[in-house]
Amino acid sequence: MNRALRLTAGLAAAALALSACGGDGDDSTEPAAGGEDAGTPEPADLRLWLNGPDTPQSMRDWLVAEFEEQNPGSTLTIEEQQWEGLVDRLTTSLGSESETPDVVEVGNTQAPTFTTVGAFTDITDLVPELGGDDLLQGFVEAGSADGKTYAVPLYAGSSYIFYRKDLLAASGLDVPTNMQEFVDAAVKLKQDNASVPNFSGFWLPGQDWRDGAAFLWDAGGDFAVEEDGEWTGALSTPESQEGLQLVQRLFTEASGAPKDGNEADGHVPFCAGEVGMMLRPGWLRGSLEDPEIGCPDMMANVGVFALPGSDGEPAPVLLGGSNIAISATSQNQELAANLLELIMSDEFQSQYAENGLTPAKVSLASGLGTDEFAAATQEAVTNAKLTPAASNWATVEGSRILEDLFVAIANGGDVQQLAEEADAAIADQLG
Amino acid sequence: MRTRTRQRTFGVVAVVIALIWMFPVYWMLNSSFLPYNRIRAAEPTFLPLNGTVSAYGRVFDSNFFDTLRVSATVTGITVVAALLFAFLAALALSRFRFKGRRSFILAVLIIQMIPAEGLFISQFKLLEGWQLLNSVIGLSLLYIAAVVPFTIWMLRGFVNGVPRDLEEAALVDGCSRLQAFFRITLPLLAPGLVASGVYAFLQAWNEFTLSLVIMTRPENMTLPLWLRSFTESNRISDWAGIMAGSVLVAVPVMIFFLLVQHRMTSGLVSGAVKG
Amino acid sequence: MPPSPTSSASSRAEERAGRDQGPGRPTPPTTWTGRGPAGDVAPRRPRRPRRSPLPYALLVPALAVLVAALGYPLYRQAVMSFQEYGLAQQFGQPPEWVGLDNYVTLVTDSYLWTVIARSIVFCVANAAITMVAGTALAVLMTLVGRGPRLTLQIGLLLAWAMPHLASLTVWQWLFDSQYGVINWLLVNLGLDQFAGHSWLIDQLSFFTVATVIVVWMSVPFVAFSVYAGLTQVPGELYEAAEIDGSTAWQRFRQITVPLVKPVLLIVALLQIIWDLKVFTQIFVLQDAGGITAETNLIGTYIYRLGLGEGEFGLAAAASWFVLLLTVALSLYYVRVLVREEEL
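Protein chains in written order, with the working numbering: chain X, 1 to 431; chain Y, 1001 to 1275; chain U, 2001 to 2343.
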């Protein structure tokens, strides 16, 4: 991912945290104009904005064909959007009756930004038909405000551990089954490979709070908590402190990644043989297997497992993904609702699973398959968490408080003091 | 003799500086021929030996020429209109004294200082009201307004620099006013026109935010938007594709410059004599 | 590639010949800008009577475009700066009038003043380096033959024309701590302490890298503009001065600078304005490394204040605030400009 994109993409980084699949990034599919026969509702040309390559072309084709068949006379145009600049584009276009797309995908952390301001149509009544309790609840929450639902989940994904089987074996280590074993393995790997420059037993670049979050949450801590409707920073609580101390230990004793680097391009050090284990989204597999990007020769020695928590269950990793909503200014509300129903249908959603993404409906997760990667994906999701549901959490990410905190921790700063400062800054943004 | 040696020494210095300045550009070109696992590796690859042109194939596939047409139209309108409007204004400002002249010049100066970061929201509303969203004219209007202040300033200096006696001499020689303008004045302004033309060209050619919010339909995509699409084409950015695309984006700029550069060398002389 | 000495010399000779044969060029410095090299003001006598409508007619197109494209947006920005105006208002809720609240929020933010001080230092340093380097390269272009000049011009133009996405990415790669060419080079030169060295984590080092990038990107514009101005400086003046025995520096100070002053002034002013508002380069570097709170400049800080999340009222106030700051900073400078230009 391009570094210039980090802010907007950062807000949606979670959305990129998805499993491997071979979608290509072609632009919209131009459907042939449909017939003239009128149905109910009035036929129209609908525009759907999907972001990035997560929805592969075959799914788009299916959607267009099915929609135009079910709604004779109407057409569907899918226009692919980039994560970068998406918020700017939505901010302007969603308010314009002539230019608004009818249905839009937004990152799950972006969703609250738009739900509270009236940009999306209230679809509370539609939710039962769209999946109801079967939907990923954290995402429904992210798409709801004041008891009404404006956006529903589209798909999700979370990170799991990629590791080098040969290096673990050389150090006499088994796949760790709880957090303690994991940390010990990471430290030992680094010690045993000290001769390799920049070697990481566990690769954790300084800015990577999104992956560091798992250790914070596993220890029982959190970034921010809500008390009596007020959000406050929670990084200096004893539980959070324990988690952050562990993060600091990983930074200093296990990681050889740049102390102020970001987490993009983890495949570069991995393919250079400088990494024992790393917590990465499932699509990293596709990068590693690509002869132009990664190192297919190494794949025989690559294994995956879900990061284990202290209790031996999967640790709570950051869950990313997308929501989908209807633009409030769309002139085709009824058709848009039809489209949304089609997108949330089992037929369409199960195709996400086939492509390695976690579908919006819990009941369809089994469609992910049974291999090692699918198993890790499914396991990691079971305990995954979202960032705090504060309505202006996006400003916390935008001001990069957490990146600064983690870089300072990576550089050996005083964790207690740093956390207190970060708490004050978070309270400032959320207050 | 001394002059020639000195000129040669300076020539070497100029070429060395040019090479240093071009290094990042070279790195872009180099990267466009390499697979990603060779672009970023422990040992840098300085020459794209055993490279591949597959990145160029990838970017050519994806409606490059449609996008090029949109960008070329917007940029062309911007450059021509900005130069023309600014030239007329520069004439007024440097050849006439009139009420409001001082305020106008100051206003042009102040406009340069306005931070434009948040302005796109209001400019979107403006174009929406005029139904100029997703329109080449609408986007060009915003670009012209963005480059015209500087262009006015620049050309004013050059119009000042055209000795009026020269024009008058030409008139006495029997040239019409128009002839005098084309033979004497215009060549003298050429370096200023080229310098501000290149500036206007690049501002319009590489602009991102406004075109992002104004040109939302795929068929209206401009080159900077097109280029960004490779950053997410397959989750990991297609860096070779981005670099290859950037090379393609830079080529028209170079063609434009090579077409106009000879106008920049010696205003008065070459033009006036040849004319 | 440097051309052969003969071709370079002959093209130079052609130019010189052409220049010398120019049609009755009058003693240039006085007529060129209407004042002597020393800068004494000799106002040009207006040709037209004061009341002629012609100048106004000539201004109409430029004025119309500026008013059309900026009039309403600036008015709206001014109004918004006194309102609580966020995304909700963007989507139709009536904005609430909050008077000076947005401005008060800004000026009472102590961190903002740190950022402003930092921005001013960065701006002055970058503008100065850019102007000196750009002017030097422009002068260099006048001193060399056609081949080297074109090489230099193309080199600069390539840097200028390179899409920002590509150039900022390449610069990040070059300065990358583990896979960067610069560290690789330094290590291979025997400086082992640069293995894995982070160029961004230290504040001063961060801004040095930012300066390299900003200067690299801005110098071409300055060099081209100043060179265009220099083409109007008549060569005879130099030759005369050379015969008088003045040094190159003296000639530069006494002949070149006064003659290209109008261009220098406006280009320098633009550099100050742009370097004060610098955004993209800092934003991208902060993402690559370093500590955001230590490296924010006005541009990135205002963005992080909430423009990215739709705090348009606050952002509008910040825009006007920065405008005032810029005017205040450049007031002295603008006055010189105005006086020099006999407005």
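Just so you know, not all the hints are guaranteed correct.
[Said to hold, decoys possible] Derived DSSO-like pairs: lysine-lysine, alpha-carbon spacing no greater than 30 Å straight-line:
| hint | chain 1 | residue 1 | chain 2 | residue 2 |
| --- | --- | --- | --- | --- |
| 1 | X | Lys148 | X | Lys385 |
| 2 | X | Lys148 | Y | Lys1125 |
| 3 | X | Lys188 | X | Lys165 |
| 4 | X | Lys188 | X | Lys385 |
| 5 | X | Lys165 | X | Lys385 |
| 6 | U | Lys2261 | Y | Lys1099 |
[Stated by the list, open to error] Partner residues are not named here, just some residues of chain X that face chain Y (Cβ under 8 Å, in silico):
| hint | residue |
| --- | --- |
| 7 | Pro53 |
| 8 | Ser98 |
| 9 | Glu99 |
| 10 | Ala272 |
| 11 | Glu292 |
Treat the hints as calculated values from the structure; they're not laboratory data.
In this text the structure is predicted, and so the values were computed from the model without any measurement.
Glycine included, each C-beta is placed from N, C-alpha and C at the ideal position.
Which numbered hints turn out to be false for this structure? none
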